[in-house]
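Peer 1: The residues making up each chain are set out below.
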Amino acid sequence: MNPLTITTRDAATGPVLEIAGDLDHHTAPGLREAVDTLPLAGGQLLVLDLARLDFCDSSGITVLLAARNVAVGHGARIALAAVPSNTARILGIVGLDRVFTIHPDTATAVLRS
Amino acid sequence: MTARADDRSPGGPRREGGLNAPDATFTALLEDSAEELYEQAPCGYLSTLMDGTVAKINTTLLDWLGLGRDQVVGRMRFADLLTVGGRLYHETHFAPLLHLNGEISGIALELKAAGGTRLPVLVTSRVKTGAGGEPMLIRTSVFDARDRRAYEAELLRGRRAAEEARRQAEADRERLQEALAVLQQSLLPSALPVVPGLEAASHYHTASPDLLGGDFYDLFPLDGARWAFFLGDVCGKGPQAAAVTSLTRHTLRAAALHDPDPVTVLHTLNTVLNERYTSGGDTRYCTAVFGVLHPRGDTCTVQLASGGHPSTLVQRADGTAEFLTTPGGMLIGVLPDAQFTPTRTVLSRGDTLLLYTDGLTEARIGPNRELYGEEALLAFAATRAPAGPQALVTALTGLLAGFGDGLDDDTALLALGIPSPAPATSEEHG
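In the order they appear, the protein sequences are chains V and B.
Going by our numbering, the first sequence opens with residue 1, and the numbers climb by one from there.
Going by our numbering, the second sequence opens with residue 1, and the numbers climb by one from there.
Everything labelled a hint here was simulated from the structure, so no lab data went into it.
Bear in mind that the values here come from a model prediction, so they are computed numbers and not experimental data.
It is possible that some hints are incorrect.
[Claimed, not checked] Covered stretches of chain B, going by a simulated chain V footprint (3 or more residues, C-beta under 8 Å):
no.: 1; segment: 299–310
no.: 2; segment: 330–339
[Said to hold, decoys possible] The following residues of chain V were derived to be distant from chain B, with all beta-carbon distances above 12 Å:
no.: 3; residue: G30
no.: 4; residue: R52
no.: 5; residue: S59
no.: 6; residue: A66
no.: 7; residue: T101
Ideal Cβ positions, reconstructed from N, Cα and C, are used throughout, including at glycine.
Isolated chain V, as found in the complex (with noise of 0.2 Å):
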């Protein structure tokens, strides 16, 4: 068991949400804070890095669902980046990889906005 952490940083194209640890029943609620209250303006972009999140659950999915929703909701967009095998693995097979963007890395994330 891996708590939390949730970094938030500002790129040129909009709040980059950097998330390690577990997200999970007990953590997804911190992380959907965390974006229910960024500053998120229309036309940005939400980049969640995911290079350091060790575990990703159905809560955890269901929280990307709502960050989403959130990004949408104020007409920017959201990215994944360097998404881990096993939570690409699921995303794969919940058809999510059709609803999200997922890039390699933050930085790919930002250029090819």
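Based on the hints, put chain B in the right spot on chain V.
Peer 2: Same frame as chain V, now just chain B:
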């Protein structure tokens, strides 16, 4: 408490200028005569002959009894002072033990007290012996135990209240578990229907008996020729998940009767879940496979579509196994414009279609808790002799049991197939 030798003067101890005030008070108390102390002691005293006849009794005890000294001394025995119950206990236990041991202490008895009331007391007795060790008389002290009895009664009342509360809690818990079990059963068919020419088998593994699971499946007739089936998994657990499961199950059934095309049915479910949940900010979704069976003699056409669900597996009669992949089928209920992917296959005699939830493929096995995974499932199916749906489900049930605590999620299995012409020999799982 000291009586100092140098304080002595002719005539015994006297208060002198050398004593301070508390010592003076103390000395005054010591002047209380032994007789006075005996009579007015804060407990009852009595001495009886060995046959129980009262020889001496103090005023305190007489006052409690509401009797005069001449009524008691030489006329009554100790047992006569007790209530009927107390007398019985005195005769059967108290007196024999006292005679055996020479003393007995702290025995709870009841006195017949003044005004016809009962006075709970604690009685201690000791036999006084003569120089030769022969018993001479019994000395008894009697303590007022009303406060103590009230305290004990309070404790007993407290214990009874606690026991009652526990009984109530257990009854509540039983009722709740019964309600949960009924709800859980309402999420699954009590028995699979008999489909002519087809064999069907299912299994449901519950990870936690206290939590309503989110897995579901069903098999039901569409018309005279076709049957519909589905199996899926709602995100989360507990009552909220069960509500989604219930909505999902009824929506799928109703949608199938309206238009059984698998992609259309999943779109209907997607619209219902998305409208019901996403707008409220409480994102709820499910994954599911929905399909239609059309048995025709020796074969059965299967059309199905998947929304975000692990691939359906087919175990062929020739001993091979394959996945019916449905790439791109999305979680159901999340997006208003979700896409679902159809596929089809034909089952021949001895082929078995297997639907499962990810409790099976996401199980963690071995010391390193490695993912069991879809490839291992495919290999498992390919190495079992094709013996029909029930045999495959039985084998998988054994596999799940072997996972132990590596299987921490609910798991549903549904297998459908056309039995081989020869009676299939059921294979033992192990």
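Peer 1: Against each hint, give a clear statement of whether it holds in the structure.
Peer 2: Hint-by-hint comparison with the structure:
For the segment 299–310 of chain B, the proposed coverage by chain V is satisfied: 4 residues have a C-beta within less than 8 Å of a C-beta in that chain, meeting the threshold of three. As drawn, the segment 330–339 of chain B meets chain V at 6 residues by the rule of a beta-carbon pair under 8 Å; at three or more, the given contact holds. Remark: the non-interface label on V:G30 is consistent with the geometry, its nearest Cβ contact in chain B lying 16 Å away (cut-off 12 Å). The non-interface label for V:R52 is consistent with chain B: the shortest C-beta to C-beta separation is roughly 20 Å, beyond 12 Å.
Interface exclusion of V:S59 from chain B breaks down, the closest Cβ pair being 7 Å apart, not more than 12 Å. The claim that V:A66 is not at the interface with chain B is violated, since a C-beta of that chain comes within 12 Å of its own (minimum 6 Å). For V:T101, the shortest C-beta to C-beta distance to chain B comes to about 14 Å, beyond the 12 Å cut-off, and the non-interface label holds.
Consistency note: the structure conflicts with the earlier hints numbered 5, 6.
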